[in-house]
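Colleague: Given next are the chains, with one letter for each unit.
2 protein chains.
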Amino acid sequence: MAHALPISPLARPLPELGVIRGVRLGAAAAGIRYKGRTDLVLAEFAAGTTVAGVFTKSKCPGAPVDWCRAVLPHGQAGALVVNAGNANVFTGKAGRDTCQATAEAAAKLAGCPLDAVYLASTGVIGEILPHERITAALPTLHSSLTEDGWEAAARGIMTTDTFPKAAIRTATLNGATVTIQGIAKGSGMVAPDMATMLSFVATDAALPAPVLQALLAAEVKTTFNCITVDSDTSTSDMVLLFATGAANNGPVAAETDALTDPTLGAFRAALHAVLHELAQLVIRDGEGATKLMSIQVSGAVSDLSAWRVAMAIGNSPLVKTAIAGEDANWGRIVMAVGKCGEPADRDTLSVSIGGVCIARNGTVVPGYDETPVVAHMKGQEIDIAVDLGQGAGAAQAWSCDLTHGYIDINGSYRS
Amino acid sequence: MAHALPISPLARPLPELGVIRGVRLGAAAAGIRYKGRTDLVLAEFAAGTTVAGVFTKSKCPGAPVDWCRAVLPHGQAGALVVNAGNANVFTGKAGRDTCQATAEAAAKLAGCPLDAVYLASTGVIGEILPHERITAALPTLHSSLTEDGWEAAARGIMTTDTFPKAAIRTATLNGATVTIQGIAKGSGMVAPDMATMLSFVATDAALPAPVLQALLAAEVKTTFNCITVDSDTSTSDMVLLFATGAANNGPVAAETDALTDPTLGAFRAALHAVLHELAQLVIRDGEGATKLMSIQVSGAVSDLSAWRVAMAIGNSPLVKTAIAGEDANWGRIVMAVGKCGEPADRDTLSVSIGGVCIARNGTVVPGYDETPVVAHMKGQEIDIAVDLGQGAGAAQAWSCDLTHGYIDINGSYRS
Chain X
159 MAHALPISPL ARPLPELGVI RGVRLGAAAA GIRYKGRTDL VLAEFAAGTT VAGVFTKSKC
219 PGAPVDWCRA VLPHGQAGAL VVNAGNANVF TGKAGRDTCQ ATAEAAAKLA GCPLDAVYLA
279 STGVIGEILP HERITAALPT LHSSLTEDGW EAAARGIMTT DTFPKAAIRT ATLNGATVTI
339 QGIAKGSGMV APDMATMLSF VATDAALPAP VLQALLAAEV KTTFNCITVD SDTSTSDMVL
399 LFATGAANNG PVAAETDALT DPTLGAFRAA LHAVLHELAQ LVIRDGEGAT KLMSIQVSGA
459 VSDLSAWRVA MAIGNSPLVK TAIAGEDANW GRIVMAVGKC GEPADRDTLS VSIGGVCIAR
519 NGTVVPGYDE TPVVAHMKGQ EIDIAVDLGQ GAGAAQAWSC DLTHGYIDIN GSYRS
Chain F
159 MAHALPISPL ARPLPELGVI RGVRLGAAAA GIRYKGRTDL VLAEFAAGTT VAGVFTKSKC
219 PGAPVDWCRA VLPHGQAGAL VVNAGNANVF TGKAGRDTCQ ATAEAAAKLA GCPLDAVYLA
279 STGVIGEILP HERITAALPT LHSSLTEDGW EAAARGIMTT DTFPKAAIRT ATLNGATVTI
339 QGIAKGSGMV APDMATMLSF VATDAALPAP VLQALLAAEV KTTFNCITVD SDTSTSDMVL
399 LFATGAANNG PVAAETDALT DPTLGAFRAA LHAVLHELAQ LVIRDGEGAT KLMSIQVSGA
459 VSDLSAWRVA MAIGNSPLVK TAIAGEDANW GRIVMAVGKC GEPADRDTLS VSIGGVCIAR
519 NGTVVPGYDE TPVVAHMKGQ EIDIAVDLGQ GAGAAQAWSC DLTHGYIDIN GSYRS
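Line order of the protein sequences matches chains X and F. Quick note, the numbering used here runs 158 ahead of the 1-based positions in the first sequence. Quick note, the numbering used here runs 158 ahead of the 1-based positions in the second sequence.
Chain X on its own, in the form it takes in the complex:
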C-alpha cells in the first residue's frame, strides 16, 4: 500500500546518523497490517532517562495517547513501543487492554517499571489491534536492539510516508558535548486513516523531566505546530523527547528558568533545529506534495494572531491548488487573510511572493511585473510573505501544495 506511492519529489536523503548513548533500538516485521516490511519499533533507554511529551489536542485520542499522558507525570522512560498499520483508536476497552499487555511485555524485557513504557500507534482507526502480534514479536526484537538502530526505526514507523525522516544536531551544555537525534513520520498532517504525525527524539543530555518538558513544549510551538498538510489533526499525533543523561553534563536550570537560562541556550537551539528539520521533512512528504510553501506573516497584532493568519494561508485549499498550478494568484492570499477573522485591514495589507511585493495599501503595486514571480512559482520552494500593518506580531508556517496526488492517496486508501 504505502510502498506503491512514488517517492516525493521534495524528498531529502537521510542524514548521516549517529548514536545516542543510552538508547538502543530496532525494528521488526510483526505483520500487523503490512506484509514484507517492518512495522514494529522498540527502543530501550538507560536507567535514569527522563522524558517529555506533546500530544494531539484531539478530543478523540487513541488509546496509546491516553496511556502516554497517564504515565508522563512520572517523567522516567525505560522503553518505547511503536507500531504502524493500526492506530488503536476508537477501540474501546480492547484498545486499553492492548496498551496494558504491550506495556507489560516491554517493561519485562527492558526491566523497567510499567509507567516508564511509552506507546504509539499509527494506522487505521476503529479496528482492534491484536496485542498478541506485538507481544509475540517483542522478545526477538529486544534481543536485536543496537545503538545503530535509528534508520531501521525511522523506516519501521512509516505509513503513507514515501521516505524515512531523521535529523541530528550537537550542542554544548555545561561544557559537555551533547547530541540530539530524532525520527518522524507524516505524512498528511494528518490522515487519521493511515498517517499520523509521530516524532521521537532522544539526547544524551542530562536534563530533569520538567526542564525537558518546558523546552519541548516551547520548540514544538514554532516547528511541528507550524506545519500543515491538510488542516486535519490526527487522533494519534505525538512528539516524545528522551534524555538519557549519558553525556554527564552536570546540573542545569530549574523548570521555571528553562526558557531563559543561558546555559540551555545552545541545547535549545539544537533541539529547535532538530524539530524544525523533522517538521520540514514531514511537509516534504505531505500527501501528494510537489512544492514546499513557506509563509511569513509580520505586522500582526500579536505572534498568535500572526500564526493564525499564516496557518489560514497554509490551510487554504485555494492557495494550495494555486501553488500546485504554479499560479501567482495573490488574490487567494488576500482571501485567506480576510477570512481567518484576525485583525487585518485591506488598506494596510501587503503581499509578496518570492520576495517581490505584489500588493500594498489595498491595491496592486503600480507597474507590478509578474515575470520574476512567475519564475519563482515554477520552483519547488515557494515563499509567501504577508505584512498586516497592524503591529509587531510575527510567525512563520510551512505547508505544501494540494495536488491530484492527495486525492489519489486519500480517495481510495482504505478500500
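By construction, these hints were calculated from the structure, which means they are not laboratory data. Note that the coordinates shown come from a computational prediction; the quantities given were computed from them, not determined experimentally. Where hints are given, some of them may not hold.
Which copy is meant is left open, because identical chains are indistinguishable; a pair holds if it fits in one copy or across any two.
[Stated by the list, open to error] Think about it this way: if two alpha-carbon atoms lie no more than 25 Å apart in a straight line, the pair counts; the simulated SDA-like pairs of lysine to any residue are:
(1) Lys215 - Asp505
(2) Lys251 - Asn519
(3) Lys217 - Cys498
(4) Lys217 - Ser510
Add chain F to chain X, keeping to what the hints say.
Modeller: Using the frame of chain X, we list chain F on its own:
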C-alpha cells in the same frame, strides 16, 4: 473558461420561474472578461421596495461589499447591478470610483436615489474593473428589462458555475399570497478568483426593511451559512433580499417581533425554503463535486457547538476525499469531531452513515456489517449523522466531496 467545465452530475434543472411584481430585470454581454456570454445583470425595483442584506465576514471585502454595507441602513432599493468576471476586490481608489460611477449611472436610469442602488461583482481579484464597460452597456440593458428576466439574470451572474440556480416559493401573509423568488451563483463556497457566493432574492411582500433584515439574518444562518465547498470564504459573498410590497399584504410585526410573530410564520418558512434550495444548488455545483454530503449533528452542548462540529466534518479534506472514493471511512469522521475543539467525548460519541450506526460508546458497533453502508456510499447523496452525547444542541450542514475536478479547476484557473 467557465463554459469549458462539464455540467455537475448533481445539477438540477431550473424550476418553473414566476415573476415578482415590482421587479424587472435582465442581462447583457458587456465584455468585462468573458466573450460570447452575458456578464452584466440589472434589476429595477418599484418605488417603496425595502431591502435586507448579509455580507461576507472577510476582513478584505471587495469595493461593492463596502458600497452595499454603506447604503443598507437607508433600507430602500431602486436598482441592483451585478457583474461577473471581475470581483473589484483589492483595487483601491479605482475600485471605489467604479462603484460610484456604476451606481450613478444606474440611479439615473432607474430614477432612484444613489443610496438605493446595490452593487455586486464576482470574478478575478486585484484587477481594475473599468466602469466604462458597465456604464456603456447599462442604458440598452435598462431598456430591455422585463418581469421575466429571472433566468437571464441567473445565467448572467455565473462564473465557474456549471448550471444556473433559482428557487421559488409562495406563502400567505395577512391573507395575501406572496411570492419569493431568488437566484444564486457558487461555486466554490468560494473561490475568490472566479467564484463567489452571490444570491439575490425578491418578494412582492410588503415588509419594512428592519423586519426583512431580521428574517434574512435568521434564515441565512441555517442555510447559506451551513454549506461549505472548500472552507474558503470569498471577499465578495452576499445575499440580498428585496421586498417590493406589490402584494399589499398590510402591516406586519415590528422588527423586534419578526422572529416570533405568527403572522410571519408562513413567509419565514417560505423564505427558508428558497434560501435552503439555493444553498443546496450551490453545493450541487461545488467545484468538482460528484456527491452531496448532508451532515446531522446532535447531542452537542449547544446549537453553535453542533454547527461547528458539522462544519468541521464538512470541511475536512480527508472526509471529503473519502466520500469521493466511496469509502465508508468513519474513522475520519471521528478525527474531524476530535480535532475541532468542541466539547466531545470519544466514549459517548456515535457515528452513523446512511442511517446505519457504525460506532458507539468509543468503539465500533459489535457485529457491524459494512454492506449497506458501502451501498449507500455509491449513491450521490451521502448522509452522515453524529451524536456527541453531551447535550441537546443540534445542527445540520451540507458539503460536497473533494475530487480531481476541484484540483483541475483551481490549479490552473487564472493562468
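Colleague: A separate judgement is required for each hint: does it hold in the structure or not?
Modeller: Results for each hint:
1. Lys215 - Asp505: between (36 Å within a copy, 16 Å between copies)
2. Lys251 - Asn519: between (58 Å within a copy, 10 Å between copies)
3. Lys217 - Cys498: both (23 Å within a copy, 8 Å between copies)
4. Lys217 - Ser510: between (37 Å within a copy, 18 Å between copies)
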